[in-house]
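Asks: This is what each chain is made of:
There are 2 protein chains.
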Amino acid sequence: MAHSKRIESVQALLRRKKIDALLVSQPQNRRYLSGYTPIDHNIGESSGVLLIPARRPPLLLTDFRFQIQAENEVSDLEIMLYPKGLIALLHELLPDLAISCLAFESQYTLHSVAAQMQAMADTIGLTLLPVNGLIEEMRLIKSEDEIDKIRRSVLLNEQVFQQIYETIVLGQTEIDIALSLEASMRKLGAESPSFETIVATGRRSALPHAIPGPVAIEANQPLMIDMGLLLDGYCSDMTRTFVPGTRNSKYIEIHRLVRKAQQAATNTIRAGISGAAVDKAARSIISDAGYGDYFGHALGHGVGLAVHEEPRLSSRNRKHLRAGMIVTIEPGIYLPDWGGVRLENMAVVREDGCEILNQDTTWLDI
Amino acid sequence: MAHSKRIESVQALLRRKKIDALLVSQPQNRRYLSGYTPIDHNIGESSGVLLIPARRPPLLLTDFRFQIQAENEVSDLEIMLYPKGLIALLHELLPDLAISCLAFESQYTLHSVAAQMQAMADTIGLTLLPVNGLIEEMRLIKSEDEIDKIRRSVLLNEQVFQQIYETIVLGQTEIDIALSLEASMRKLGAESPSFETIVATGRRSALPHAIPGPVAIEANQPLMIDMGLLLDGYCSDMTRTFVPGTRNSKYIEIHRLVRKAQQAATNTIRAGISGAAVDKAARSIISDAGYGDYFGHALGHGVGLAVHEEPRLSSRNRKHLRAGMIVTIEPGIYLPDWGGVRLENMAVVREDGCEILNQDTTWLDI
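As they're listed, the protein sequences go chains H and V. Residues 15 to 380 in the working numbering are what the first sequence spells out, letter by letter. Residues 15 to 380 in the working numbering are what the second sequence spells out, letter by letter.
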């Protein structure tokens with residue numbers, strides 16, 4: 015069972031670092047280690063934490079609202095409820111478990127909560143240790159089983175796109191199309207979108223983070239759709255740009271340039287190359303054509319249980335890619351007062367190259 | 015202009031507390047003070063912060079992705095971008111502004127970010143001061159203009175409910191109905207749902223936080239819908255429970271009891287009563303009828319720019335309500351293996367009573 019293996023790895027790591035236990039509060043980390051699926055609607059409304067002692071079985075700590083779900087999803091873990099809140103429970107529980115050094119996730123703990131934990135720690139002689147990215151580091155390299163799940167997420171996302179693409183007609187608004195896409199995702203079995211769907215028409219496609227508006231789609235102008243879904247816990251993320259109606263020569267020029275940049279980057283990806291080098295492969299093509307100032311974001315990011323995770327394909331990431339990482343490859347050119355083109359695929363890093371997870375490339379080569 | 019008055023109140027408070035500036039990162043607090051609307055998709059992906067010096071004009075600090083939106087929405091504030099990140103910008107900016115004591119929102123700052131800020135502060139001799147609920151406290155009492163916005167949000171929410179109610183047929187699933195409601199919200203002008211819509215049929219209505227599933231709605235069984243939307247920044251929140259088909263005597267008994275508890279609580283609400291006393295007015299009716307163990311949550315919560323805010327109508331809140339607060343009144347009875355009934359209205363606390371914002375009470379008295 016993947017979860018128990020992962021827990022064992024964490025416990026071995028804790029023992030090496032001489033930490034008695036780790037508190038895991040980040041939702042994707044919780045899910046990775048236990049299968050417990052609830053998200054937190056915001057960081058202040060937690061749906062529970064995993065307490066992983068170095069030398070004892072882990073526990074899931076939550077409240078009554080999630081009791082039934084917890085019992086269904088993590089039947090192999092002990093579940094404890096905290097009617098008086100997490101910190102009151104830890105105050106009682108940690109001394110009983112002989113835990114005197116507790117690590118917590120600094121990147122998913124509020125300053126106010128850490129302060130309350132520290133006050134509690136002081137009363138029981140507990141040492142608190144903030145840690146960064148411990149579980150995220152484990153999540154970087156995907157197993158073949160995880161890659162399979164991500165592949166299915168990518169394919170379902172393409173199916174949704176194709177289904178709704180065929181219903182697009184002039185007179186529809188960006189919101190109409192976004193809602194159709196999100197409804198189709200859920201009807202075809204996705205848990206939810208993996209981020210807010212972007213649909214941007216005409217000049218609005220020059221805004222990399224456009225929110226769909228009550229704006230009718232324009233004939234003969236770029237239409238950019240950036241969409242993803244969550245299937246069995248794993249995310250997909252894909253951008254397609256096309257023209258309802260007739261493409262003009264400017265559109266064809268920009269689209270082909272973006273596609274060329276995407277292919278150049280794709281050809282460089284393999285274990286051992288840096289994120290920066292992959293970014294540069296795409297960026298230099300766009301810069302050489304005179305559009306360097308109009309590609310204002312990084313080339314790509316990791317995808318897994320979270321839609322944005324490490325590694326970044328950006329000029330700042332000097333670290334080497336490793337086999338089993340999954341990244342997006344999404345160059346774009348955004349011209350104010352004209353519009354934008356972004357094309358985004360997902361790929362698995364392999365020892366000697368990469369494997370594109372997208373199957374339908376109809377939209378890419380024009 | 016409401017925003018500049020609010021900023022002035024914050025600045026006066028900072029001067030009284032001898033704080034040189036406040037960093038506002040919580041999205042609803044940002045919007046309350048400036049009109050800047052972006053949400054943060056998660057706390058680690060901020061769309062900007064307000065820097066409010068005690069004796070100078072405030073600034074909005076953000077990154078290039080939000081530049082155009084910021085310029086459109088907060089034209090009266092200076093906007094600065096942070097290409098190297100917020101902390102690098104503060105490191106340069108704070109000494110220039112002669113800020114040597116900076117407060118930050120402890121309840122909306124990650125421990126990891128606070129640690130980085132502290133390291134930066136140490137290099138420039140800055141004192142960092144965590145604060146809790148400073149702006150939230152200002153947001154507690156709504157102006158008549160805010161009450162008007164919330165009223166419109168409530169009425170639009172009722173309109174959406176009514177529109178979709180008339181399309182509900184057996185054979186539909188919980189997901190179908192939830193998607194129809196959320197699509198209708200956005201088509202009628204809402205920014206978004208204010209929380210994930212709950213649609214729960216039959217026994218599933220006994221789960222207070224049911225997630226809509228691919229489950230066909232059951233004839234002659236309770237159907238619970240808890241829904242809300244965001245209009246012009248302000249939230250609504252409403253629950254209706256009804257029976258598609260024929261109600262049996264058990265349903266009628268439970269529904270009438272919940273309604274009686276709701277009315278008893280409503281009759282007690284006025285400035286000066288405690289949240290606990292209002293909760294008790296509803297709870298004692300349900301307990302006296304023998305269902306006390308099946309009403310497992312608090313009676314209500316504040317609503318405003320956030321869908322869950324202070325004050326709580328719960329047994330733990332001894333504080334007095336004040337005129338201009340807005341609360342939900344939502345008693346429920348949840349019977350495992352049978353189902354649940356929850357009825358939820360929203361009300362404004364007034365000096366001598368309360369004003370129910372809901373207009374359509376068709377669903378309440380059966």
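Among the clues, some could well be false.
Since the list can't tell identical chains apart, any single copy or any two copies may satisfy a pair.
Claimed, not checked - The list that follows gives simulated cross-link-like pairs (lysine to aspartate or glutamate, DMTMM-like), each with its CA atoms no further than 20 Å apart:
| no. | residue 1 | residue 2 |
| --- | --- | --- |
| 1 | K98 | E324 |
| 2 | K19 | E369 |
| 3 | K274 | E106 |
| 4 | K274 | E323 |
| 5 | K19 | E160 |
| 6 | K201 | D366 |
| 7 | K31 | E324 |
| 8 | K274 | D379 |
| 9 | K274 | E205 |
| 10 | K274 | D374 |
| 11 | K98 | D307 |
| 12 | K98 | E160 |
| 13 | K32 | E59 |
I should point out that these hints are in silico values taken from the structure, not numbers from a laboratory.
Asks: Indicate, hint by hint, whether the structure satisfies it.
Replies: Going through the hints against the structure:
no.	hint	verdict
1	K98 to E324	between (36 Å within a copy, 18 Å between copies)
2	K19 to E369	neither (27 Å within a copy, 57 Å between copies)
3	K274 to E106	neither (60 Å within a copy, 40 Å between copies)
4	K274 to E323	neither (25 Å within a copy, 50 Å between copies)
5	K19 to E160	within (14 Å within a copy, 53 Å between copies)
6	K201 to D366	neither (38 Å within a copy, 49 Å between copies)
7	K31 to E324	neither (23 Å within a copy, 42 Å between copies)
8	K274 to D379	within (9 Å within a copy, 65 Å between copies)
9	K274 to E205	neither (34 Å within a copy, 37 Å between copies)
10	K274 to D374	within (17 Å within a copy, 58 Å between copies)
11	K98 to D307	between (54 Å within a copy, 17 Å between copies)
12	K98 to E160	neither (37 Å within a copy, 34 Å between copies)
13	K32 to E59	neither (31 Å within a copy, 32 Å between copies)
Going down the numbered hints, you'll see the structure goes against 2, 3, 4, 6, 7, 9, 12, 13, while the others check out.
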